[in-house]
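Engineer: With the sequences and hints as input, model every part of the structure.
Residue numbers (numbering that gives the first Met the number 0), protein chains in the order written: chain A, 0 to 506; chain B, 0 to 103; chain C, 0 to 674.
These are computed hints drawn from the structure, not numbers from a lab.
These numbers were taken from a predicted model, which means no experiment stands behind them.
Virtual Cβ for every residue (Gly too), placed ideally from N, Cα, C.
A portion of the hints provided could be inaccurate.
Taking CB as the label site, the calculated pair distances span [to be verified]:
id, chain 1, residue 1, chain 2, residue 2, range
1, B, Phe67, C, Phe669, 26 to 34 Å
2, A, His497, C, Trp638, 23 to 31 Å
3, C, Trp638, A, Asp368, 32 to 40 Å
4, A, Ala66, C, Lys644, 38 to 46 Å
5, A, Arg24, C, Trp619, 30 to 38 Å
6, C, Thr605, A, Leu71, 58 to 66 Å
7, C, Tyr671, A, Glu415, 56 to 64 Å
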Amino acid sequence: MNLSLLVLVPLITAVAVLFCSGLNRVRWVSLAGVTAQLALALGLLLLYWRERGSGNGAPMLFEYRYAWFPALNIWYHVGVDGISVAMILLTAFVMMAAVLVSWKVEAMGKEFFVLLLFLSAGAYGFFLSLDLFTLFFFLEISVIPKFLLIGIWGSGRKEYSAMKLALMLMAGSALVFVGLLGVYYNTDATGGVSGVGGPHTFDWQAISQMHLSIAVQRAFFPFLFVGFGIFTALFPFHTWVPDGHSAAPTAASMFLAGISMKLGGYGCLRVAVFLMPDAAREYSPIIIVLATIAIVYGAFATMMQKDLKYINAYSSISHCGFILLGIGMLTQTAMVGAVMQMISHGLMTALFFAAIGMIYDRTHTRLVDRLGGLLKVMPFISTVFVIAGLCSLGLPGLSGFVAEITVFMGSWQRTEGMYRLATILACASIVVTAVYILRATGQTIMGPVKDPHYNVLTDAAWNERLAGILLVAGIVAIGVAPYWLNDLLTPGVSSIMHHVGKVTMTK
Amino acid sequence: MSQVPLTHILFVSTALFFIGMYGLFTRRNMITMLMSVELILNSVNINFVAFNRYLYPGKLDGVFFSLFIVAIAAAEAAVAIAIIINLYRNFHSIDVEAADEMKF
Amino acid sequence: MPNSACIILIPLLPLAGFVVLGLFGRRYFSRFAGVLGTGVVLVSAVLAIWVAWQYFGTCLADGYCRQTVPVRFTWLRVSPGLSIDMSIIFDPISVMMIFVVTFISLMVHIYSLGYMKGEERYATYYAFLNLFTFSMLGLVLAGNIFETYIFWELVGCSSFLLIGYYYDRPTAVAAAKKAFIVTRFADLGFLIGILILSFYAGSLDIRTLIQRLVQPGSQLGSITTASFLGISMLSWGLGLVFVGGAGKSALFPLHIWLPDAMEGPTPVSALIHAATMVVAGVYLVARLYLVYVGFDHFEVLHVVLWVGAISALLAAVIACTQTDIKRVLAYSTMSQIGYMMFALGTFHPVGEATTLGYTAAMFHLFTHAFFKALLFLCAGVIIHRVHSNEMQDMGGLRKALPLTHGCFLIACLAIAGIPPFAGFFSKEDILLAAWDSNKPVYYIGLFTSGLTAFYMFRLYFSVFWGRPARAGGAQFGAGGGHHSEGSGGRHSEGSGGHHGEGFVGRHEEAPFTMKLPLVILALGAVFAGWVPFSRLVTYDGMPQEGHGIGVFAIPPVMVALIGIGIASYLYRVASDRPERAAAAFRGMYQFVYHKFYIDEVYLFITKRVIFNLIGRPAAWIDRNIVDGMMNGLAAVTAWTSTAIKRLQSGKVQDYALYFFMGIAGLAVLFIYIYS
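Structural biologist: Here it is in structure tokens:
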């Protein structure tokens, strides 16, 4: 399968949207585009399974390389393993839902959809790239449009939030870039690892074969980890999350929390830990401490929020802490759990934001104490909201449980006292999660109808229903039958772990 | 008859240069500033002529250069006055304080 | 042995019912949801009875009970050694439990056909009931400890959904939240307990886990030598698992959610908060019983024993003062579960496990399911009639509700432990086990037994005897709005159906669908005690010799009769005796009436301490310090650029000056360098 299609389809759709006249046509073309993305992603999953089933044991499948800047050894190099396939599926699901819930965007609708599609192209490219430069290129593509999406279509303090988000993410990618250059200039490609010219290489697989010296790792690991960490709400660089998410329009919030925050987790895992395993082990206690702080403190901070979007944004900080915790634990199980948490949180938080957006569209408020009794007036939306909430607090049968449990089981394998304590605190945070989720649900969804005006509100329209069903289906598919996801992720993670373990032995 | 030493002439030209510089920085009137620029150019002319006479007496390159400069100074004055006129048309003044469109 | 397809259908049928009703119930089955929901549970119950019959038949034929795992499939392979399986374990207690769960669930489903008729969310109600039945069956059949946890959470969720069924009543919502959060907190203990046990045992499969933690070997060695705060990891693991069980079973001090949970519809209270879900904690301890009694670490069993005993006594004391009929029953449930728990906690101090306690606990669980479900369903009929939960709105109902009166009396006699009703046998076994193990606990049990008889008959006499609460008012919903069962739902619906039913009620006490379960359960409450339990359900599968009923049975029965006597004296005829008795112990009465102020303590801890001392500062720090740091960084940058931008004056002269100064500076620098 030609993986570049995944990047090209959103771009072509974006161009097609540009040439459309009339908002209705724009919507349908975008919907066709994201449907094609979803079809491609599902097709990729099937092909991947077939390829693996036929005994293809290569670490990366469907590789394609093209010399981009041969003089500097920069290649357009793509390929997938189980982890990328899972992330691509997540992107396709969230994108489809995001386009569906944006159906009612009236002002500058065309530009809105074009930017959204650009974002998705960046995300796909990021998950596909096997060349660090290409990876960085796509990372940047998926930052800038967010600024416009929030600044133009946002609500509340949108300029401030857009600026904050863009600046913090740009700072993150600047750190990433420094880290990448540091890695690049310490690679040695004269042996002709990747061919054409230049003494250094950006090739991810080639670098993983070299043993970067411990000094280099020590120096550049923090750049890469913190840089990517900012994307995934690493404490204390998480403050863009609440402001950015709450100011963004629904679809952008969904993309931000659902996919954008996962770019960071993926980068931490794929680039930082995989390329510099020694440093990862050295810094692991620090990562654990930061992740645990994010988990516990995010959960408590959520308890005090009054705006539904802030609640979800802060809870995202807490939940993304699980991703970093899983990565920092450096055990295979925890790492699988971290990737599962990325997928699960992506779907769940997108669903949450979609539900909040639908509620806001109707009631024009997101404040918990103004809402109430929504179950009576909009049963579908309320049910979706409750499902997202239950997934967030880790109810078995939904994806959140599987991911969290896998992280816990993996973390518990580390026997040192500090790691144990971190695991227990992380476990305890799910009680706090239950508190804030149930408070929010109890006040908004249940209870008497607060405002008589709510009685005339309508339930979800077809597009909103479809979006909700799509994401719920994803959540349930993982929650009820997690083994397929586990089987998909394990080989990729075990190759990372093998790398971490291999270096342990040689040390 | 003993020659005037080169340094004396250089002192004159340096003095002239700084007088011109001073005028350029302190005057607010465009015409005066233009005159200051002429002073600076002329100080350069003196240098050329003097170095030509003292260091390479057999050659005339320095003199030629000073002729060039005179020609260019004339052209420059023409352009500058054109600018000044335009400025005057826009701001009704040839005071440089008025023209701070490039300010942050 | 019954085939596995049959067994797997028992939990899957209610699941199918839930999915169908949940997705399409509202739209397509709004009328037949009840019949559909009841139908799947009926099939499931028939299968369960058949399976249980076969299983125990084999037991009796073989002379001992096998433990088998008829179904197993890997759900999630956590790591090469550990995997979460969906497996079904078959042993005496799980078979006994599927019988109890499907049977009581069936009764409640049938009863709800009448009780919930005309509710707005009728289909949703049945969907949730089916979900609960599925989860509870999954819980009792789970052969993997993580599978137990999964279903454990699912029953918690279905309980949340059903308590909050009348979602437009703030009290119901608060109760649902409270139940979920308190049990969630306890489940945290369970989860960490699982992590500890599975880490050392290297397996999540219950049979393997028990085997490795009981037989001497490397696993047992490492878990007992590893310790934390001077207590071995095994004790920590078991203790934390017990915390989970105590939370779900509403034992002191995690019992606070159970009385509030009575906000749910009464049939739900009967099913979830009386007969099945709340005994899950007992079941959990029983499931790991071999580990609890294995080796020589009785400290956890000690905790189990005393927590059970204290809960039994405390709840019985509180029950004597409550006035809401369902709350009295809730506290009595808590008390009876305390009984079961301390029965499990009994052991011979010499280190040899007593086998009696285990069987007695399971026996009491079995009999309790019948009479407690019966009590709740009777309470449902009464509430349906008087539209109030308060005892003061009732009285003299024995003529209006003859059948309910009879059934209620049987259930009261059963719970009080009067022979030959079911509760007598099981309670006697428990007290015998306690006598063998720990005398103080025996006396607590005995005293609680008297209290139980007293408060149950207090309830009985004040509802069915005495004077009618308000002349003629009983039939017309005199209870008004407060605490009235389902009033929110019904009133908002505004249909005349219920008022009409109230009039019909003059001639007929309840529809047939509500009466049938009462009769069947009453038969159960009478005869369940005759099951030869000690031959069927034992911790090691080997039958025990049943002990005859001897002199030992006399003290409990005497105590119970005294309790009934006092209740009769105080409440049989309306008088001011109860008030005088309460006034005599005024301070203590108030203290007990307010449930020892345990709720207030919790409220203080959560609302004041956690919210104000952790939540608020965390949110404040985030907004002001962490984010302030980021904003500060931005502010410094902005300030610097403001400072620098003044250089750009827009005046050519200034630029020339800077240029000239630069040149001059460079010149000086060069001269300095080269000279």
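Engineer: Would you say the C-beta atoms of Arg24 of chain A and Trp619 of chain C sit inside 30 to 38 Å of each other?
Structural biologist: violated (49 Å)
Engineer: For the hint 23 to 31 Å, verify it against the beta carbon of His497 of chain A and that of Trp638 of chain C.
Structural biologist: violated (50 Å)
Engineer: Kindly confirm whether 26 to 34 Å is satisfied by the beta carbon distance between Phe67 of chain B and Phe669 of chain C.
Structural biologist: holds (28 Å)
Engineer: Just to be sure I understand the hint, the distance between the Cβ atoms of Trp638 of chain C and Asp368 of chain A should be within 32 to 40 Å; is that true here?
Structural biologist: About 38 Å separates the Cβ atoms of Trp638 of chain C and Asp368 of chain A, which means 32 to 40 Å holds.
Engineer: Should the hint that Tyr671 of chain C and Glu415 of chain A are 56 to 64 Å apart at their CB atoms be regarded as holding?
Structural biologist: Check passed, 59 Å falls within 56 to 64 Å.
Engineer: Just tell me: holds or violated, for the beta carbon distance of Thr605 of chain C and Leu71 of chain A against 58 to 66 Å?
Structural biologist: Holds: the Cβ-Cβ distance is about 59 Å, inside 58 to 66 Å.
Engineer: Return holds or violated for the Cβ distance of Ala66 of chain A and Lys644 of chain C against the range 38 to 46 Å.
Structural biologist: holds (44 Å)
This entry does not satisfy hints 2 and 5, going by the numbered hints stated previously.
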